[in-house]
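Enquirer: Modelling step: build the complete structure from the supplied sequences, incorporating the hints.
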Amino acid sequence: MKMKSLVMAASVAALAAGGAWAEEGKVKVGMITTLSGGGAGLGIDVRDGFLLATKMAGNENLEVVVEDDQRKPEIAVQLADKMIQSEKVDVMTGIIWSNLAMAVVPAATAQGKFYLSPNAGPSALAGKGCNPLYFNVAWQNDNLHEAAGAYANDAGHKNSFILAPNYPAGKDALTGYKRTYEGEVAGEVYTDLGQTDYAAEIAQIRASGADSVFFFLPGGMGISFLKQYANSGVELPVVGPAFSFDQGILQAVGEAAVGIKNTSQWNKDLDNAANKTFVEAFQEEYDRLPSLYASQGYDTANLLLSAMEKADVSDAEAFGAALKEADFDSVRGKFSFGNNNHPIQDYYVREVVKEGDVYTNKLIGPSLTDHADAYAADCKM
Amino acid sequence: MSFILLVEQVLNGVQSGVMLFLMAAGLTLIFGVMGLINLAHGSLYMVGAFAAAAVAAATGSFLLALVAALAAAALAGCLIEMTVIRRLYDRDHLDQVLATFAMILIFSEGTRFFFGSFPLFLDIPAALAGPVTLPGGIQYPLYRLVIIGVGLAIAAGLFLLIARTRIGIQIRAGEADREMIAALGVDIAKLYTLVFALGAALAGLAGALVGAIQSVQVGMGEPVLILAFVVIVIGGIGSIKGALIGALLVGLTDTLGSVLLPLFFANFMEASAATSVGSSLASMSIYILMAGVLLFKPTGLFGEA
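Order-wise, the sequence lines are chains B and G. Numbering of the first sequence is given in the working numbering, commencing with residue 1 and proceeding in unit increments. Numbering of the second sequence is given in the working numbering, commencing with residue 1001 and proceeding in unit increments.
These are computed hints drawn from the structure, not numbers from a lab. Please note: incorrect hints may appear among the correct ones.
For the chain B half of the interface with chain G, some residues (derived, Cβ under 8 angstroms), not all of them [claimed, not checked]:
#: 1; residue: Ser36
#: 2; residue: Gly41
#: 3; residue: Tyr190
#: 4; residue: Gly194
#: 5; residue: Ser224
#: 6; residue: Ser232
#: 7; residue: Ser306
#: 8; residue: Lys324
Glycine included, each C-beta is placed from N, C-alpha and C at the ideal position.
Expert: Here's what the structure looks like:
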């Protein structure tokens, strides 16, 4: 009897000690991303990039829980609640779409959780809504569009027709383009989110007398638009952000996209060691070329891992400072955070080409260098 | 707003209407003859598009792809009719909605299981690519004209089928009084399977034709399904003529609304506010149209009380 209770006490003590030792240094990450429905390709790429980085690092203190938000804000909110309250995650990440981000991020940071955005970068969270717990590892929504505007100036476009879907990132897109673009706007159209038939818009482009087209239509919307545009007889040059020309979409668009210039903060042929490792490892692991979304997921994981080396996630100030240092090898080359925890980085112009059987992007040149976002001044941090 | 732009937008509206008609015709037949609300119709549209994409990638022939779309959708239709739908005819509409909604989920996940989550490539054949110049100097994509042609041909074919053939008589009789034709010796089970497969084939064809100019991805059928329901409510349940008129109305309202409303608001608002308000109203316009029609004709334009 005495032996039994002694053994019991000893094992309970060991378990408690073991449990306590295991808690320190461990980080649980809740990833809510879009794995089904029309925009699934983006979420899958982000998840695959993120998990590749965690696998390559082999850090046993990092645990990742992945859930599918199906591109629905109400589901994302439910999943966020579940992750914070029942899974007890320390850090959250993963959201692709800005409308879902606006639904989840403010609540998550209010509950003391770090949020690292691998994609969505709404202007509201870059300016007045900035938060020491919120870091954006991709870009602020306007940035790629600002780079497109700068390229349009370089290319001599004087009268652009611009279109985007009617949702926060769409509005940010056209605002961003107009911020750097110096020519006239022949027409400005907001389409429905999820719209698949652009015949009406293409007819308007034809009638507007524009000399170029700028559009932001991520996912399936972009595929539809490009296919329809290519067959419409309208021959105007097209510029867009990388979102409509990413690796996942190009195969579905095919010939219709070749020759179109697009802007991005990353391309697979960027010349640095981290990027070469990333592209090779991604191809070997998943048997496909990575897209910019995958590179963003990969960088987010590496940022998190770098912070975990320096501080404990339970110490919010120290961990936040460690994240802000951004002391990791980004696949983009140089990478640093501004005062509002959004990236200051270079943006490039790429052209869609066909390499063998595969449609992909080729780097043409830089568009904006060391570019910060336009909302940093509104952030009180 | 030039005349050329207007004509082009009208053509766009007609084309979008004709595609909706293919979906709505199947849906209205199924609802009219069998009294069944079939939410899985959008999934059959998706099945047609995926079958076409797969066959086009394997053989390179668009024609074969279309045939494959018809066959695959009809087959899928027969299969679900014989296994699931058959048990729903005598049930409450809500039970039908629940069961067919489950079918949507099964089809979506099943398609993702076989084809992956990324969109598939389906392109129009080179012979139909590019624009043609219509009288008046209007440039219009050839493929869209072909779609209008195919849709109208199918409408004519359906009219002939319903009005002039034996099957058509049975379908019309079934819409009027289901029990009576069973009592008169018509094999109801076969008739229902046939009607369901016909509706499914039409949806699959629409999916293949439209998938070539849009993206072939999981979940592509649901937005079209909602519009198709609006069409059959406007046109009247069970009426093919109603489906055609309703579809053309919805297509034209949607297209012309999205173009004309922002222009209208630009008269007293600045540009980006006008486009914002105009496009929001435009996306509501077809539902406002539906409400308007129902106010005056609660059973739809050509429906029976």
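Enquirer: Of the numbered hints stated previously, which ones are contradicted by the structure, given in increasing order?
Expert: 7, 8
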